[in-house]
Every structure is written in C-alpha cells, then in structure tokens.
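Q: The primary structure of each chain is shown beneath.
There are 4 protein chains.
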Amino acid sequence: MPHEFVRESRVEFADTDMAGIVHFAQFFRWMEETEHAFFRSLGIQLHRGTTHERVGFARVHADCDYRRPLTYPERFAVRLAVRRIGKSSLSYDFSFHGPLSEGQDPLAGEPVARGALSVACVTRDTPEGPLRSADVPSVITERLEVAPPEDPS
Amino acid sequence: MPHEFVRESRVEFADTDMAGIVHFAQFFRWMEETEHAFFRSLGIQLHRGTTHERVGFARVHADCDYRRPLTYPERFAVRLAVRRIGKSSLSYDFSFHGPLSEGQDPLAGEPVARGALSVACVTRDTPEGPLRSADVPSVITERLEVAPPEDPS
Amino acid sequence: MPHEFVRESRVEFADTDMAGIVHFAQFFRWMEETEHAFFRSLGIQLHRGTTHERVGFARVHADCDYRRPLTYPERFAVRLAVRRIGKSSLSYDFSFHGPLSEGQDPLAGEPVARGALSVACVTRDTPEGPLRSADVPSVITERLEVAPPEDPS
Amino acid sequence: MPHEFVRESRVEFADTDMAGIVHFAQFFRWMEETEHAFFRSLGIQLHRGTTHERVGFARVHADCDYRRPLTYPERFAVRLAVRRIGKSSLSYDFSFHGPLSEGQDPLAGEPVARGALSVACVTRDTPEGPLRSADVPSVITERLEVAPPEDPS
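In order, the protein sequences belong to chains V, Z, D and F. Under our numbering, think of the first position of the first sequence as 1, with each following residue one higher. Under our numbering, think of the first position of the second sequence as 154, with each following residue one higher. Under our numbering, think of the first position of the third sequence as 307, with each following residue one higher. Under our numbering, think of the first position of the fourth sequence as 460, with each following residue one higher.
It is worth saying that the hints were derived from the structure and are not from the lab. One thing to keep in mind: the hints can contain errors.
To be verified - Computed list of chain V residues with no C-beta within reach of chain F, every gap over 12 Å:
#1 20
#2 21
#3 26
#4 63
#5 84
#6 105
#7 127
#8 145
#9 149
Unchecked claim - Covered stretches of chain D (chain V as the covering partner; in silico rule of three or more C-beta atoms under 8 Å from a C-beta of chain V):
#10 330-343
#11 379-391
As the structure is a prediction and not an experimental result, all values here were calculated from the model. Just so it is clear, CB atoms sit at the ideal spot from N, CA and C, and this is done for glycine as well.
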C-alpha cells in the first residue's frame, strides 16, 4: 500500500538510558528509519537515487507522545501513514506498537507512542551550496497516497 | 530567574549527518540537557538527589520545529522557559539560537528551532518496579515559576 | 556454531556524519548488538534472564581498525568469533563485511573493519549497589566455545 | 602546549544506558570531541578551514580500556597527548579522569579509562569523490609536537 508501511525492530541495549527504558530521542531515529524503509519499499532511494540527485528531505517538524515505555530487548513495530502530500513537503504519522511476541500481528495491542514528521523537499545548486526549497519530484508523488483517516484510539 | 534558563553549547562533529547538518533528533537531547542544567542551577539534582530519591521525570510529549540548520562547529544557545507547573507534570518551551559569535548575546537573532517537552513525575516503589505517576515534590515546585507569555516572533 | 555468529544489518541515515560515511563510534554499537544477538541465538538473555539475574557484562576493552568506509544505505555483515572464555571474562573478535548485494554470502569480500571486545562479568549485591566482579555463569560458559584460529587476511 | 590538551566535560543523562553507567561507545565520541577542541585551541579548524579545504582525518584505529564506570551527572576530564606525527597520519593517547569535584585539578586521581586514536589525512578530488590519502598539511604539523613519554600508571 503506497500510503502506509509497517516495520518491525528490536530495542537494543544502547537505546536505553539509566532509567532502564528507551531514551525518548531514540523514537525520532526510528521514525526516520521507517520513512527511509518505506521509500525503499517503493523503489525510491533518498539521498542517493539517480532520478532525483541532489534532492533530500529536511525535517521541519517532529513530535512524539509517549504512553508507555519500551525496554530492552523488546521487539516493536512502527507504522507510518502518509498524512499529507504537498507541492514541496510531506507529512507522516507514526504509531509505535509493542512489545511484540513472536508471530504476533505487529499492530495488535495499544500503541506505545504516537508521532509525526513533516519534511520539506530541499536541494542544493552546488554540492556545498545552501539548502533551498524544491518541489517533491513527481517520481515520488506518483508513488505515494494519503492514508485514509483513522478512528481515534 | 526560576522560570527560564539559557545554556550555550557547540555542535560536535558526531552530531551531524551526511546532509552536512545537525541531525534532527539531536535537538531533543539538547532540550533534555538544558532541562537538567536548569535544575542543577536551582540546586535540584534529578535522578540522584537526596531529597527526592526515586523520583524522575518521564517524557510524555516532545516536539520541535526546525527553521534553519545548525552546522559543525557552530556555537548555539538553548533557552528553556517553564510553561506549566502541574500537580504531577511540568512543561517547558525551548528556543535554539545560533550560530553565535564570540561574546554575542546568546539570544540575539532569529531562532534556529523551537521545541517543547512535557514531563510526568514518576516513581518506583521498588528499585526495579514499574514506573507510576507521582506528585512533583514540593522542593521542586517551590523553586520554579511559570514564564510570562512571549511576544510571538 | 557456539563459537561464532553472523548478523546482517543496514547503515541508517543517522549513523552517518558530515563526512558522508558511518561515524566510527557506531561500529562499537554494532559489536555490542551482535554480541547480544549471539547470546539470544543461544537462548541466553543478558540483563533480563531468570537464570542469571543481576549478572551483566561490563566492557573492559574495545578496539576497532577501519579499512574502508561504510555509507548509507549499504547493507553489511558483522561476524563475531569467541576468542577467549575466562573465569570471569569473555573476549570476542569482530569483522565487518560490506557492502552486501542482495543474496550475497555475507562474509564474501574484504572486511571493512576488524574489532574486538573484552567483557567482565559483573554483579551487584543490591539493585543500586556498586558493580563487582563475578564468575561467568556456567549456563553461559557451557554454551560457548572458543573459535578456531583464523588465517591472517 | 602543542603536545597535549585537557578538556573538562559532564556526563549527560542520555550518555547512560540501563546498566546505570555511561555507555562504552560514548568514550569514543569524547575522544573525537577532545581532538577537535585541541585543534581549535591551536587555531586549526577541521573540515571547514580555509587553509586546508578538502582535508579531513579519517579514523583508522580506535581503542579504549575501561577501569571504572562514569555515572550521571559526574564531571570528568579528558587528556589528549600527541603520540605520533606521521607524513599522512597522526596518533593520540587519551586518558579519562573523574569524577571531578568543583575546583579540583582535572587530572588528579586514578584514570577512569585510557584510549587511543590513529587518524589518516584524507582528501577528495571532487566534493563527492572517494576519499584518498593525503599528506598532513604543514600548517598542522608545524603546530603539533609529540608528547614526552609518560611514566606508567
């Protein structure tokens, strides 16, 4: 489905802090990793593709609401939903689900956290020039769809 | 002033990513570092104090809006403002200012980013027991004040 | 084989720095992640197991030699080999291999880097007491073997 | 002194892991941060200087031996000593000292850890070309000296 993507992963020891749980900033790395895996699943390679050289996505907004902690070595799932496809920007919603048992539906159960990212398409006119706004390449917008609205949960 | 705190710091090489700028998740670490420095400046030591053993602050919300990138090895300032003092939670606003020249007013110029954290006071009944909600200790609430509203900028 | 373990993984965007390659400190996280995956593959869960509560492995030595850079979004393999099983410590050698093509033998080709970790078994007499040396539990030593010496390469 | 440099710093909450101590990979970030601060103290700016554009230092070896843990929010010092100045590479030794009391000599007491880095001078012929070996610029070698041998401790 070009409007959502689910990625399973595992908490690593170094993701934790002395409170014994995953450090809150780690969830933002996981959002980005899920976004990039989503793009790869669509055949789009960010920051290295041949059809969209020089185009990247700068983060302009990020948020996360934490409901329950994740601990090492739990498995969890991240679900990305495309929320908005703009002329020069994209927005995604994320939900984190866990801990997962072996063989369990990754989205079963209450979410651990919910988050969002908004990214702006940027380019450089020279390899070390300043970033400037750019239109999202059509090779990307053609492969994405906005996700249907969710039931509140 | 018990309602705000300013901390200067420097972008380190490892804070950057291959886009040549500070990775967006790093701003959340800097918010937390500023919060902890603020508490130290008030004589409050989180997670190790003798007057509030077993009390910590779990992150329940975090957000950041990015306006301009920070690059290595720029100096920058983070300003924390206390936004809300609840019975069992606290909220802060953050603004990031940079790059700073030597001797410059750390809050001069346009902000690089703005963010917020909401934290819930939590405790454990035993060292490895589950986290549960707790009232913010009076030793903390007595030393904090809510910041006055800001002019929009 | 209880003397070696191979784990495949992918470079993530946030693993890179402004030089456009994986930051060197990241390789140490990958060594530890491989060690923990190796232990899980043997049915041993570090830091949470029921048969060896309170026992952990403190890092006493770590090193890495870097031959070629890894870049985003390359896939790579980490090979762990058990080098020494001591009364209260363990040592591992690591080699990093990449970039990997889809379906390729993960250990094919020249290594990207080689590293080593030595870890000491430690325990605490109370949950927040100081770490002190302990014997490696027999449940662990019984499942490990020292790897045969390697041809130099 | 152009053969050594001491930098004081503080353990941050996010530097710790669920064992309650600083994660071992963090020490490598601190070595690099100290190296860069040393170069800044000599008026040399890595990766952005005008006299040595395109030259950087790729890490070719890193090691660390850990004697005692550091915990949040301890202050500590890192001492860098220049160990070798080669035609196209440099080597440093590091020692970590802590925890520090306010006003204490930063190098007092037993070291927490000892480490080393070897770095190779690299350049690119084009901004995205491959890294290749280069001579250390004379503007750098002229300002560095090899540290005298240390008494074993």
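Q: Hint by hint, say whether it matches the structure.
A: Hint check:
With 12 Å as the threshold on Cβ separation, the claim that residue 20 (chain V) sits away from chain F is violated: the shortest Cβ distance comes to roughly 5 Å. A cut-off of 12 Å between C-beta atoms contradicts the statement that residue 21 (chain V) is not in contact with chain F; the least separation is 8 Å. Taking the minimum C-beta to C-beta distance to chain F, about 9 Å, the non-interface status of residue 26 (chain V) is violated against the 12 Å cut. The non-interface label for residue 63 (chain V) is consistent with chain F: the shortest C-beta to C-beta separation is roughly 19 Å, beyond 12 Å.
The beta carbon of residue 84 (chain V) is kept farther than 12 Å from every beta carbon of chain F, the shortest such distance being approximately 31 Å. Distance check on residue 105 (chain V): its Cβ is at least 28 Å (rounded) from any Cβ of chain F, clearing the 12 Å threshold; non-interface status holds. At the 12 Å boundary, the C-beta of residue 127 (chain V) falls inside the reach of chain F, the nearest C-beta of that chain being 4 Å off. Distance to chain F confirms residue 145 (chain V) as a non-interface residue, since its nearest Cβ pair spans about 33 Å, more than 12 Å.
With a least CB separation of 35 Å from chain F, residue 149 (chain V) remains clear of the 12 Å interface cut-off, as annotated. Judged by the Cβ-Cβ criterion of 8 Å, the stretch 330-343 of chain D is covered by chain V as claimed, because 4 of its residues qualify and three suffice. Under the rule that three or more residues need a Cβ within less than 8 Å of chain V, the assignment of the stretch 379-391 of chain D is violated, with 1 such residues.
In terms of the numbered hints stated before, the structure departs from hints 1, 2, 3, 7 and 11, listed from lowest to highest.
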